[in-house]
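Assemble the dimeric complex from its two separately framed chains, guided by the hints.
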Amino acid sequence: MTLARTRRIVQGLFLALFLFLFIQTESKGTDELGWPVRLFLDVDPLIALTTSLASRRAEGLFWPALVLAGLTALLGRIFCGWVCPLGTLNNLAGGLRTTRPNPPGAGGFRVKYYVLLGLIGMSLFGVQLAGILDPISLTIRSLSLALYPAASIAATSLFDAICRLNLPLVTPASEAVYGLLQKTVLPFRQPWSAQGVFIGLTFLGLLALNLVQRRFWCRFLCPLGALLGLLSRRSVLRRSVSEECDSCGACVGVCQADAVPAGKDRWRASECLLCSNCDDACPKNAVSFGLMKGRPRGGLDLGRRKVMASIFAGAFAVPLLRISPLARPRMSDAKLIRPPGALAETTFLQSCVRCGECMKVCITGGLQPTLLEAGLEGLWTPVLVPRIGYCEFGCTLCGQVCPTGAIRKLPLERKQQERLGHAAIDRGRCLPFAHATPCIVCEEICPTPKKAIWLEQVAVKDRNGRPIRLQQPHVDLAACIGCGACEKHCPVVGQPAIYVTSAGESREEEHQILLQPPPAAPAK
Amino acid sequence: MKRFVAAGDVVVLKPNIGWDRAPQYAATTNPDVVGALAKLCYEAGAKKVRILDNPVNDARRCYRQSGIADAAATAGAEMVYMDGRKYRDVRLDGKALKSWPLYGEIFEADKVINVPVAKTHGLSGLTLGMKNWMGIMGGARFRVHQRLDESLVDLVRVIRPALTVLDAVRILTANGPTGGDLSDVKRLDTVVAGTDQVAVDSFGATLFGMKGSDIGSVRLAANAGLGVMDLSKLQIKKIGV
Chain F
1 MTLARTRRIV QGLFLALFLF LFIQTESKGT DELGWPVRLF LDVDPLIALT
51 TSLASRRAEG LFWPALVLAG LTALLGRIFC GWVCPLGTLN NLAGGLRTTR
101 PNPPGAGGFR VKYYVLLGLI GMSLFGVQLA GILDPISLTI RSLSLALYPA
151 ASIAATSLFD AICRLNLPLV TPASEAVYGL LQKTVLPFRQ PWSAQGVFIG
201 LTFLGLLALN LVQRRFWCRF LCPLGALLGL LSRRSVLRRS VSEECDSCGA
251 CVGVCQADAV PAGKDRWRAS ECLLCSNCDD ACPKNAVSFG LMKGRPRGGL
301 DLGRRKVMAS IFAGAFAVPL LRISPLARPR MSDAKLIRPP GALAETTFLQ
351 SCVRCGECMK VCITGGLQPT LLEAGLEGLW TPVLVPRIGY CEFGCTLCGQ
401 VCPTGAIRKL PLERKQQERL GHAAIDRGRC LPFAHATPCI VCEEICPTPK
451 KAIWLEQVAV KDRNGRPIRL QQPHVDLAAC IGCGACEKHC PVVGQPAIYV
501 TSAGESREEE HQILLQPPPA APAK
Chain G
1 MKRFVAAGDV VVLKPNIGWD RAPQYAATTN PDVVGALAKL CYEAGAKKVR
51 ILDNPVNDAR RCYRQSGIAD AAATAGAEMV YMDGRKYRDV RLDGKALKSW
101 PLYGEIFEAD KVINVPVAKT HGLSGLTLGM KNWMGIMGGA RFRVHQRLDE
151 SLVDLVRVIR PALTVLDAVR ILTANGPTGG DLSDVKRLDT VVAGTDQVAV
201 DSFGATLFGM KGSDIGSVRL AANAGLGVMD LSKLQIKKIG V
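Chains as they are written, first to last, in this note's numbering: chain F, 1 to 524; chain G, 1 to 241.
Keep in mind that the hints are not guaranteed to be accurate.
[Claimed, not checked] Estimated spans, in silico, between C-beta atoms of each pair:
no. : chain 1 : residue 1 : chain 2 : residue 2 : range
1   : F       : 170       : G       : 2         : 34 to 44 Å
2   : F       : 147       : G       : 211       : 54 to 64 Å
3   : F       : 462       : G       : 174       : 24 to 34 Å
4   : G       : 110       : F       : 147       : 40 to 50 Å
5   : G       : 73        : F       : 17        : 23 to 33 Å
6   : F       : 462       : G       : 110       : 44 to 54 Å
7   : G       : 174       : F       : 157       : 40 to 50 Å
8   : F       : 450       : G       : 211       : 23 to 33 Å
9   : F       : 17        : G       : 84        : 26 to 36 Å
10  : F       : 204       : G       : 139       : 35 to 45 Å
11  : F       : 434       : G       : 223       : 23 to 33 Å
12  : G       : 84        : F       : 170       : 13 to 23 Å
13  : F       : 179       : G       : 237       : 42 to 52 Å
[Said to hold, decoys possible] Selected chain G positions facing chain F (in silico; Cβ < 10 Å):
no. : residue
14  : 21
15  : 25
16  : 61
17  : 176
18  : 182
No lab work stands behind these hints: they were computed from the structure.
Computed from a prediction, not measured in an experiment: that's the story for all the values here.
We put the beta carbon where it would ideally sit given N, CA and C, even for glycine.
Only chain G is shown next, with the shape it has when bound in the complex (with noise of 0.2 Å):
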């Protein structure tokens, strides 16, 4: 972690806690995760661990029944819910977004770390890395689906985690992103890491037997040069715990 996080740092996490589901249908991010990442971002002499999202449910509950803000308790990190004065507009001028409202904090905290869970997604076809942006996007977000693949991509040019850390502890295989069948979930006991966010969706694809071509949002960043896509270009250490 001390090569991504310097001391004295302030770090913010990006978990995906969207929805008001508990850790076991894999809709939101494994607390877990979250906390074991707060936990090394303070060992690796972070000032403060700020963990935020601006979840689809009501806040309150995302953040309870997930788990998360147990865990960020637990490592000492502080859940912030996010303050609408706090959304500044950023000039992306992408194919498809020109300037939208984002959260600030994004922008000052000195390292963000991108904690994605991965599940299926009816319009993006899995959401992973890229999608969980759509989680500091204020203003009506929910106009974006029109051309989603370009508007992720547009997002990803101006935010710049040091670490994404996909998690794929469970996955969510059908009835995503909200989920709430267990009969959807499938356990892989996995979290992927890298410091290219194209990279880490495109193996995330392969979690669940597609291509990184298959996304749209990881070929158009990859076409646009923000990563890569292709696996063989690609130096993957996989540790067994």
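Just chain F, same shape as in the assembly (with noise of 0.2 Å):
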């Protein structure tokens, strides 16, 4: 066997494992997901090193990412070539390319290395947007806000259109294996997605990339990709070609990555994936890959001012974001609910890496993508949409599952008592007040211990003056700790007239309406 051949059994079987954990980033009645659903993000470096350099915060949760980082420092960039999941579907989609590989590009692949530089020098300076391009979190994002609702209505679609049909054989079989399907990988129910067209749309434009380039992104986009081939610049683990190598260039057309342009003596530590085709392409059989010390010859020359263009680009962007009154308390839009255990909005968008772990695991599907509500710097960060579903009262998994902590991890009774915000009752459109008519919705399915929507029994009149008996809902904001449930289950069609908006919220001093609010229990 070759070594190609077990490198794609390996891609294989990291794309199957990283599936695998996607899939289970999902309740199954408990507040435990029993599987480390988010591995892949905890050994990624970049999302380590912009984190903690944007937040200024360690809280000893990065040294997963310190794994990975020796390891290339040490043996090269395996983790492009053999285990990331992202360049394992370039691959795939690279397959669909037939004509001839592009001859390599002239600096290209440096294209890369100054995204990194400028996400750095962002972050220096307290803006993360590291995630938006970070490959790991970018495929999760895709999965989890487009690829898999849209598999999954897809499915449903078609088990639903060949039930109606009702075919003698053919819809018991295929109710079967809808039944099996929805046992394993389909969704417990449909994820809708505020932005899934345009998320989606774009992962794909980046797979499209590979008709233009086999593993277009890793060559030339990936940050990733950049911060470990800044890594592996010294790794032992290197190639080189004996006497028998007479220049035919086979290698270079086979080339991942752009890291043998001339064949024989040149070969970029930084960019070569390790992937091992050029030794399997080699007729004289003159390539080979061992440990070797000394330093490597091909270095990696990025130009001194572009490298300083790029951190200033980076950090020039900081001023300008920052100018968008949405990030700042008392100017934040109304409806930006966070989710619960999230950290003050200036440290929340430090932290959060815009991975949609959160978004994916959510039980009633509330919480979905900003675009522009937090301004340009919290693009794709979680807003809780009651409309869409509320916060489940005895569920802590989005917190459970956010790698960098911009939600934290609170325990049950801490978390019940965390207020996301406030419900108002818009009493020209709530049935009791303005249409004296019965309904208790709000109170019914308010769920603190003691209720935070209480009734007042009140005497009104109908237009013809007959007095009606009826209870009028009213907010106690002591218990109310804004999860919306009350929003999403109010009969009151579109406009609802209960509705949550962030004043009050719990993380921000400043977002407090009540000059005493009630505090917190203690963690215990």
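Listed below in structure tokens is the structure:
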């Protein structure tokens, strides 16, 4: 078996593991998931680096990333070539390109380093946007918010159609298959995603770039690849070419990156994905990989001016982004309801890598990606949209899957007192207030042990002057945690008669309404 | 149980699993009651016992946290997650509801046993057996609160359980129907069973120191001739265990 075939099997296994953990990022009725679902994010050094730089927090959470960084320094970019799920998907998409490979670009591979330096420049000054481009984050987000929901809706529509046809043999068989899929890979409930099309097309577009050049993303754009490239410049696992080489150029064409621009001697350690294609392709069997001492020859010259320009560009983006009032307390969007346990907005934005794990795991599907509600700096961060799904009282899963602690992992008793905001009643739409019609749904549904919505017995009159006794709801700010269950179930369609805003949210001192807001229980 | 379940029957148990609460909060039917009933059904020769509800909170959590999923597994009964395709519009021609999407299995099963838990409720006063039928409603069911009592009676007109077993092992005396505070829970260690769902609810009201006539749906259902409200006209057997 050639090394390249071994590599493909390993890639397949890691992709399978990645997808398995993704599927497992779903509640099974308890408050534990049972699998280390964020494993790939945990080992990602780009997330670790930019998050700790931007938020100035380490909190002991990034040691798995150090393991990968160390491994890369020793062995080179094996993660890119053998492990990364997006790399493997790029390989698969690259199979669609049937024409001869493009000759390696002049210096296009350097672009990803400038991207990386720009992101680091930003994070040095407190803006964390690396998650937008980080391949692990990008892939999980695209799956969570676009491809998986789309696959689910496609499967459901297909099986529903066969079910309606009610064909002998066919329908029972398809129902059995559907039942099996529902128990294994399909989501428990159809996930809805506010920006599925946008995020999904972006992802498919990135895969389509393989038609221009195989592994386009990995060669030219990936900031994690760039970081691992920088780390691998002195790796000891290196390529050597024997005297047999007659510079036929076979290796140049099969290289998955731009690591062997001129065949024989020039080899860029920082670009090599250790895919071993060149080893397999060499007709003279002149290429081999092995452990070597000393300094490698091919360096990585990024150009001092360009390096400085990239860092400055990133740094300059910081004040530009910060002009937005939306990330400021008391000026933020009233509907910017963050998940329970989210850090105060500034630190939250510095920590959130927009991986979409919280939105994937959200039991009601209420966590949605923002577009511009939190400014461009907050793009694709999670916001609770109660009309889509409320925050389930007994659930702490979003805090458990967050890879950076942007959503803290709160103990359940503590989370149940964490205010996401407060509910408010629109008396112009509320049935008992505006229309003398009985309705107590918000009170019925309210999950706090002492209901935050209480009912007042009143006597009102209808248009004919007939007296009617009914109950009108009121919100007790001391008890309301802003979970949004009332908003979700309010029978007034469209603009609900009771709705939550972030006013009063625990995480933001300046967002309190009451002079003496109820204290949260101390964590046990 | 042999009086109510015949050999080979498919039996649907409809407990109240509407909320994501542990059994001790009395927001959901006691799992021991559900488990015992499932076991009795099998002993009476039932072919299959299926347990279902359309919960308000997440179904996965409700089934697990209520303890009913575990009780069902022990008894060999099947927990059924509601399948959106199995609701069908049922003509009710009632006072409040003309027709409504209801869960088909309730009508397809050979026998249905209603297994509610006794709790307070902001609008209906108490939620007992008849109110439990909201858990088989699809559609925009929160709209029925505008004429709740009449709507419940409309449902009772078409849903005829073989038996109603009201769980009052623990009752929720305030902050219902969701609960969440143990000081609102009262332990009665009582189970009320009957074939007349109106009578069971009427008796259930007495557990809270109320009368059947205090509950709108009981009063209306009795007036409509769907059951007996007046406890003095009933044969009530009290069995101590």
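Here's how the hints hold up against the structure:
Evaluation of the 34 to 44 Å hint for residue 170(F) and residue 2(G) yields a pass: the beta carbon distance comes to about 41 Å. Taking the beta carbon of each, residue 147(F) and residue 211(G) are about 59 Å apart, inside 54 to 64 Å as hinted. Separation of residue 462(F) from residue 174(G) is about 31 Å and conforms to the stated range, judged on CB atoms against 24 to 34 Å. A C-beta distance of roughly 44 Å is found between residue 110(G) and residue 147(F), which places it inside the suggested range of 40 to 50 Å.
Our hint of 23 to 33 Å for residue 73(G) and residue 17(F) holds, since their Cβ atoms are close to 30 Å apart. Distance hint check: the CB atoms of residue 462(F) and residue 110(G) are about 46 Å apart, consistent with the given range 44 to 54 Å. For residue 174(G) and residue 157(F), the Cβ-Cβ distance of about 46 Å falls inside the hinted range of 40 to 50 Å, so the restraint holds. Residue 450(F) and residue 211(G) have their C-beta atoms about 28 Å apart, which keeps the hinted 23 to 33 Å range intact.
For the pair residue 17(F) and residue 84(G), the supplied restraint of 26 to 36 Å holds, since their beta-carbon distance comes to about 32 Å. The beta-carbon spacing between residue 204(F) and residue 139(G), approximately 36 Å, falls within the hinted interval of 35 to 45 Å. As the Cβ distance of residue 434(F) to residue 223(G) is approximately 31 Å, the hint placing it in 23 to 33 Å holds. The hint said 13 to 23 Å for the Cβ distance between residue 84(G) and residue 170(F), and at roughly 21 Å that hint holds.
A beta carbon spacing of about 44 Å between residue 179(F) and residue 237(G) agrees with the range 42 to 52 Å that was offered as a hint. Nearest Cβ of chain F to the Cβ of residue 21(G): about 8 Å, under the 10 Å cut. The hint holds. A distance limit of 10 Å between C-beta atoms decides the matter here; for residue 25(G) the minimum to chain F is near 9 Å, and the interface restraint holds. With its C-beta approaching chain F no nearer than about 5 Å, residue 61(G) sits inside the 10 Å limit, and its interface hint holds.
Given hint, residue 176(G) at the interface with chain F, holds; its Cβ is 9 Å from that chain's nearest Cβ, closer than 10 Å. Because the smallest distance between the Cβ of residue 182(G) and any Cβ of chain F comes to about 9 Å, under 10 Å, the interface hint for this residue holds.
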